[in-house]
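**Q** Residues per chain, in single letters:
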Amino acid sequence: MSDLIEIRGLHVRRADVQAPIVKNVDVSVGRRRVLGIVGETGAGKTLTVRALLGALPPGLVATTEYAAFDGKPLASLTEDMARLRGKRIGMVVQDPVGALPYIQSVGRTLTTLLRTHRPMSKAEAHERILRMFEEVGLRDPAAVMRVRPHELSGGMAQRVVIAAALMTDPDLIVADEPTTALDPTVQAQILALLKREIMSRDAGAIIITHDIGVVAQACTDVMVLYQGEVREAGPVEKVLTAPQDDYTRTLLRALPDPNELGAVSEGPRPKVVVEARDIVKSYRRGKDPVLRGVRLTVPAGQTVAIVGESGAGKSTLVRTILKLIDIDSGRIVLKGTDITDMSQRAFRPQRKDVQVVYQNPTAALNPRLTIRQLIEEPLLTFPEVAPTKAERDARIHELIAAVRLRLEFLDRYPTQLSGGQKQRVAIARALATRPSVVVLDEPTASLDLSVRRHVVDLLAELQRSTGVAYILVSHDFATVRSLAHEVAVLYRGEIVESGPAAQVLRSPRNDYTRRLLAAELSTVPGARGAEVMELFAEGSGATPKGGVA
Amino acid sequence: MIATRLALAVPLLFAVATLIFLLTHVLPGDVAGIIAGPNATPENIEAIRDRLGLNKPLWEQYTDYLAGLLRGDLGESFVTGRDVRTELLDRLPSTLLLVTLGILAATLWGLLLGATTVFSRTTAPAARALTSLGLSMPDFVLGVVLIYVFYFLLDWAPSPIGQIDLATPRPPDVTGAALIDALLAGQWSTVGDALAHLVLPVATMALVYGASVGKVAESAFLEARSAPFMDYARLSGLRRRTRARYLTLTSLPPTITYSGVAYAYMLGGVVLIETVFSWGGVAQFAASALANRDLNVIQGFVLIVAVVTFLIYLLLDIFYIVMDPRVRT
Amino acid sequence: MAVIEAPVERPTRRPARRRARIEVAIWCGALLLAVIASFIFGPTSKATTVMGSPLEPPSGEHLFGLDSYGMDVAARVASSARLDIGVALAVGVLVFVLAYPIALALGFWNTWWTKAILRMLDVFQSFPSIVLALTVVALTGNGVWNLVAASTFVFGPAFIRTVRSVVLSVRGQTFVEAALAAGVTPVRTLVRHVIPHTLGAAMAQTTIAVSRTIILVAGMAFIGVGVQPPTPEWGSMVQSGVAPMLNGAWWAALFPGLAIVLTVTAFDRIGTLLGSLTLEVDR
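Chains as they are written, first to last, in the numbering used here: chain A, 1 to 549; chain B, 1 to 329; chain C, 1 to 283.
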């Protein structure tokens, strides 16, 4: 089995600098092998692959000791690879809708692409693409041919891109974060589709990802990158079950434990801090309700997690509770007071009790203010918490220590902090006024895997020490498992299941919940994976209403 | 979007007409006094006020005005005494000819500037410098400079006193615009002369207005170039020609839209160019009317400009909907 | 257990920023010198007295020559500097003080009255404002303050439109929503979070209004509206210099024209540099 692609000693550096960004990387992929290149942001995954494809952005230079495709040595990556791209190497990208030019129909784009690499008549190309669409699981291929890219859903568009990659019968598929932008249920389907096609065509593949779950499910080999260097490489079973390198171990340790149960509440049921009753909200009078009669109760000192896919209405629900948007009907009660009809002005003082931590800490912190100023702001907004300057300073110090950041961070600016550090600042800021409840809106989604664990542990600890309640919105079950006492599953504006975390996560009663959980890819390669693969095997994995994503 | 614009047409024009009326009748400044001149006697001024109908109550003047508008009567010029509508419409084609050619030239030049700045590493600095220059240069100054260099010094351009030389045989008057009339009549020598006279004014407009088109084109090209589908096109091995096609089709709409906006703007700006080159179009006529406080002409000119502007924006809306399918959904 | 964090970003490109600041200082200095020179070399008396026979070419005594009335071109060019720059700066101040708050309000709040004002601005904008300005000045008289007012009305709407869109995008940023959700009053949010991020755009747009005003005023004088002779004004000097130029006497039209171009370039350059300087910090 001759290697499809073999690169030895790849270095990538900026043209004007000697120090390499990517050092000494070896890549080798054979037929029916799927190589997963995994690493965190900035590790150099994309650069490595782009260098390999001869498609580096201007200003960067790549050198190799040896490079060969399908056994034949290559003289120049840039030129030789350019001839192979599209024809013998198919690409799958992270943003499939963006990849297709909006100025023309999907059919036209693909036909041009196909005929560029395989001369044939328009009619033949048309036929071939239609058949390809069927193969990748698109329900109405003719319709898809006619539409424009922005009319496709993420999952459909990715199937189109996969079809485009496969239709020229390539030997190698390169996929850059192919499922990152997709919903969990769709993710599983797409990965299953990719793997099936690769194997059945005797092709090879490289998948770039930051998600080890993807590697566990779809890859045969894995390469762990950190700061431009290969830390470990080898077959997936070996590396994931018995890692040799420290960094690899840390990455794996940061993964969620599927057996973890979530938080358990003992003792008498505490008072209810927030209650939402029969919330109905639609953006256009009466049509397309986003929330259809949602009920939620949040006990003091506990975490209620709202899970569901994007578009289910999680963010909308939370924003209605925060009174950032109005509701059509229903009631919202905060600590016994009905706040539904309060004006913004009247409600403002109550905001002291309800704070928010946002998904993207970089966006949530004003880059022009120092950390001290950022944490101080809520104290200035609600002076009753710490009336004098001395008390404010003391509280700020208390908070920065509670989130385990050193004092010197106070005088820095957000741009000088890492993602995890910024999120801690956001947490400190949210807790400044001693709120009764903090809304956590996807608090770990933007963070690197290795950092998530620490932030989640911090949140749990803070809940224990301050007695604050959390409303956790998340599609990441690992976070949910670590924090939630109760879980509510939101699907298309309705809560389809809710109850104690242990029950919902371990033995879900609702079919949709089961699918959601199954889609969360297990890190144990093989075993659980087979279940998942079966569930979504034919590429016609259904959403609860029976459509194809 | 188009429906909204059409629906707003009548109220809009009504608002503009009212605004002009207010401007000309309510602003401080004794119009009659200005028209009469520094040596006028009170009787002269009074007589002028009567003639202008300024002694009637404001409301009556307003209704007279609106009634006249609905009839299509724009009044008479105080300076020439002739019907304003005739005067303006006679000269309008000449101006439209100039502005249209000017915008076309400006768009082409702007696209060239923008494309060079973005795609050619070697000539980009020159393009950038030309763009800056064009942006800082007032059109009338450039016109004067061009006349000096190309007419006086080099004797390449014809004398800047109108659309054709005095000596050139005039074509029969159909539109009033020399080039068009000559083409219609088949008078080829006149056509040549008319074209020669167009060179400098159109070049002036191209260099000045083209600079701002260039800036818009530059940002359109930049944005198009870094679009994800361009990257995907490169990665999936599409031919250079296909990629160029994607690039053009996505950069053109914003640029052309801007040209449309510039067209509307130029209807006002052409006043200066027409004055420099003695073009004899409606803008030059309005300019002298402004200097002479010829109220009815001013009113009529503003109204015509408003109507033409409205039509341009309408066409632009249609154009954009056709070009960018994302807007349709 | 080691915590692995992603690499941290550091602000870059300091030398370019320093160069930009120096360049801004140079241009401001040049403009200041121009105004000072205006008083020294172009006192009104000197600029409006006939000094010799018409259209004398540039000489040691009259650096830019004499115009068609026999007046000293250099003195007139210098004298006009304080008029044009003065009017332009006045417009700049007015636009910043009046239009900036309007742009902030229109971008930050979305109530019926903001929508109404926007509609009105829309109407206003879809109309060649030059024509409007010309009309206003022609009808109200040629005083300096009329020029200032008319120019403000011409360039104000464009300022509001551009700055408003910046305000809108800042308003949509998470940290602004975070402040409001955390209970910060809208006004305080506007001041503390929105204004700092929009100041750069506002300043850049102000300098654009300033430089466009110079062109507008000169252009109006060129066709005889606004500043009237014998008051020296670059635009009217160009106009009266055209006929002599067609016969070879280039100095009467060229020098004032050059003055316009240089002054506009100065303000444009300052505006561009200010724009790029403040853009960096917003990252």
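It should be emphasised that the hints constitute simulated quantities derived from the structure, not laboratory data. This structure is a prediction, so every number in the text was calculated from the model and none was measured. Treat the hints with care, since some could be wrong.
[What the hints assert, rightly or not] Partner residues are not named here, just some residues of chain A that face chain B (Cβ under 7 Å, in silico): (1) 86; (2) 98; (3) 116.
Quick reminder that beta carbons are idealized off the backbone N, C-alpha and C, glycines included.
**Q** So, against the hints stated earlier in the document, which numbers end up violated here?
**A** Violated hints: none at all, because every hint is consistent with the structure.
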